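If you're matching them up, the sequences are chains W and X in order. Going by this note's numbering, 122 is the number at position 122 of the first sequence; the sequence numbering is gapless. Going by this note's numbering, 49 is the number at position 49 of the second sequence; the sequence numbering is gapless.
Accuracy of the hints is not assured; some may be wrong.
Note that identical chains are pooled: a pair holds if it fits in a single copy or bridges any two copies.
Stated by the list, open to error - With a Cα cut of at most 30 Å, we get these calculated DSBU-like pairs of lysine-lysine:
1) Lys43 x Lys297
2) Lys54 x Lys323
3) Lys116 x Lys323
4) Lys323 x Lys130
5) Lys54 x Lys297
6) Lys130 x Lys43
7) Lys130 x Lys116
Calculated directly from the structure, the hints in this document are not laboratory data. What you are looking at is a predicted structure, and each value in this text was computed from that prediction instead of being measured.
2 protein chains.
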Amino acid sequence: MNTPFNFQLQMRQGRARAGVFTTPHGEIHTPVFAPVGTQATVKALTPAQLSELKASLVLANTYHLYLRPGDSLISEMGGLHRFMNWQNPILTDSGGFQVFSLANSRVIDDDGVTFKSHVDGSTHRFTPEKAIAIQENLGADIIMAFDECAEPYDREYNKQAVSRTHAWAERCLATKIRQDQALFGIVQGGVFPDLREHSARFISSLDFPGNAIGGLSVGETKDEMHAMLEVVDPILPADKPRYLMGVGTAEDMVNGVKRGIDIFDCVLPTRLARHNAALTRTGRLNIANATFAQDQKPIDETCTCYTCQNFTRAYVRHLVVTKEMLSATLLSIHNLHTLLQLAGDIRLAILEERFDDFYTEFFVRREGS
Amino acid sequence: MNTPFNFQLQMRQGRARAGVFTTPHGEIHTPVFAPVGTQATVKALTPAQLSELKASLVLANTYHLYLRPGDSLISEMGGLHRFMNWQNPILTDSGGFQVFSLANSRVIDDDGVTFKSHVDGSTHRFTPEKAIAIQENLGADIIMAFDECAEPYDREYNKQAVSRTHAWAERCLATKIRQDQALFGIVQGGVFPDLREHSARFISSLDFPGNAIGGLSVGETKDEMHAMLEVVDPILPADKPRYLMGVGTAEDMVNGVKRGIDIFDCVLPTRLARHNAALTRTGRLNIANATFAQDQKPIDETCTCYTCQNFTRAYVRHLVVTKEMLSATLLSIHNLHTLLQLAGDIRLAILEERFDDFYTEFFVRREGS
Chain W
1 MNTPFNFQLQ MRQGRARAGV FTTPHGEIHT PVFAPVGTQA TVKALTPAQL SELKASLVLA
61 NTYHLYLRPG DSLISEMGGL HRFMNWQNPI LTDSGGFQVF SLANSRVIDD DGVTFKSHVD
121 GSTHRFTPEK AIAIQENLGA DIIMAFDECA EPYDREYNKQ AVSRTHAWAE RCLATKIRQD
181 QALFGIVQGG VFPDLREHSA RFISSLDFPG NAIGGLSVGE TKDEMHAMLE VVDPILPADK
241 PRYLMGVGTA EDMVNGVKRG IDIFDCVLPT RLARHNAALT RTGRLNIANA TFAQDQKPID
301 ETCTCYTCQN FTRAYVRHLV VTKEMLSATL LSIHNLHTLL QLAGDIRLAI LEERFDDFYT
361 EFFVRREGS
Chain X
1 MNTPFNFQLQ MRQGRARAGV FTTPHGEIHT PVFAPVGTQA TVKALTPAQL SELKASLVLA
61 NTYHLYLRPG DSLISEMGGL HRFMNWQNPI LTDSGGFQVF SLANSRVIDD DGVTFKSHVD
121 GSTHRFTPEK AIAIQENLGA DIIMAFDECA EPYDREYNKQ AVSRTHAWAE RCLATKIRQD
181 QALFGIVQGG VFPDLREHSA RFISSLDFPG NAIGGLSVGE TKDEMHAMLE VVDPILPADK
241 PRYLMGVGTA EDMVNGVKRG IDIFDCVLPT RLARHNAALT RTGRLNIANA TFAQDQKPID
301 ETCTCYTCQN FTRAYVRHLV VTKEMLSATL LSIHNLHTLL QLAGDIRLAI LEERFDDFYT
361 EFFVRREGS
């Protein structure tokens, strides 16, 4: 099939993989961390600052953009890349997860979901067809099938959600028109190995150009999450990228890559930044803490980001104490740099066939701090 | 006297002047607009973004920095330039204006002012000696004499405030130690020509390396402000820079330069940005207005700033509607660019001896919009 998408696996070490996913807006070097730009902006950062951070893939949320400013408006404005001025790859989710987690009085049936906007209470309905139509208006490079994310421990609900997710996946494929967007399927199944296996087999059979694992990091334990990844890894096609949705702490990335994941996204680096928390190579700092009032060190002495190259902990703390917006910007730059750099370091370790050592050293460093 | 400061007048046209003020942190090309970084940050911008805007002089507020994080702490951190990572010239005010406008239960006597912090209600006292000591701790290139700013229409109060301001100016000069800071004197006198003339003569006699005009743009009419500038212009030494404190709308700059002013500062461009207002060459836009919802034009089609080169009005409005921090950043970039560019345009017009035409065209353009 003639497609602008192509995934090249460059190296495998155990289940860990390094590759290049080519999209109409450039290459994504995997493993990759995708910053989240919920409302067509990665909070507190300009696209120029994101570019300086060497971000490649950015995620935006279909649910939010459908409500404001509306996907038709974004389409009229030339699509999401032009609207938010991000000329590198973009991924949109299907809106499903936000409908389930943010919207009010949602009613789910086999055809779709009716919900009330969290912004103004107005009533809306998403179906697989609608979710794809919205995402075609937005115009991201990677778009997601409309799925149902269930409580991880409710077996009956997960059986039903897997069935719906599969039926909806087929409807998403059938309704999709644009050739310049790669539609990824989503594996569900809670914490149940047999449901995950069943879902991974079915979703793989639909031959999406990429596959995602949804419904994780939603309340289950880390061990359960890892077990589910180990179930689906051998089933999902190796020659297509795998995306672990909404997961992306440093530990989760290292553990996800070890279990065959290529793509991660997480709001945490920017959300923590707005709550004064700085990620470091060994853990987290609450920069509002009075112990940093006269601390002349950068947030992380090993870090090469703009924030750490130019500002002290004392200055960033001063910004936090005086409620200056620049604190969110400087901490977001640092936190995103930390995760983007980590993804790059993981990738290099795989390419140089030393990921196992990298993995061990990563956790030794964390425990030692 | 051997000093790191030097003011070169390059061109005069009528009362308008173009010059270069050399400081330990580089040259200030006048007329100049100084963005305000109240708490050691120009709100919502990184120093890198300020540099891209080609800002030279940045103002910071002594009152705020004295309270948080404290001038001693900033001194220990290597001074304000290093603390806020601004390696170009910085000007600090004396703290007097904020004590009079922000602090609680202030009591003024001939020796100084006792006031309560607006942050935590704690009691503090500023004297001329204290204001200079704080500013020497902060380490700005240009520091200001401690003055008293009176209600513009109260003649008796202004007579008293002028006397105090003069006595305090002498005390500031006497107590100043650092040679790498230029102390500017301040002319007061409300809207009273005889008081302004008296004050300008006295302050000029103290031979400060630069002079400021305070107590304007505090409630009087534009005509009254212009009249006061015309009174002091022939009295203040021509070979030293003149700073019109706290004044810096586009109109005020053009009118100020016409009456002999070299340096302006104003919080308006960044404050308006946080209230969704964009300055343009012809006036102001409230970018939250629904008429901009689908407007594909930049904020100002004639503008070369990062915001106007990369984003539509529709996008900036979307950021405002969704309360995204990036709106403040993008509008601050645009608004500061507009005023910095205007100061540069004024300067070029003077250097090319066409300021009178520039002045006329500026106001024709505003009235035509």
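Each hint, compared with the structure:
no.: 1; hint: Lys43 x Lys297; result: both (26 Å within a copy, 23 Å between copies)
no.: 2; hint: Lys54 x Lys323; result: both (28 Å within a copy, 26 Å between copies)
no.: 3; hint: Lys116 x Lys323; result: between (34 Å within a copy, 20 Å between copies)
no.: 4; hint: Lys323 x Lys130; result: between (41 Å within a copy, 27 Å between copies)
no.: 5; hint: Lys54 x Lys297; result: both (24 Å within a copy, 28 Å between copies)
no.: 6; hint: Lys130 x Lys43; result: within (27 Å within a copy, 41 Å between copies)
no.: 7; hint: Lys130 x Lys116; result: within (16 Å within a copy, 59 Å between copies)
In summary, this structure violates none of the numbered hints.
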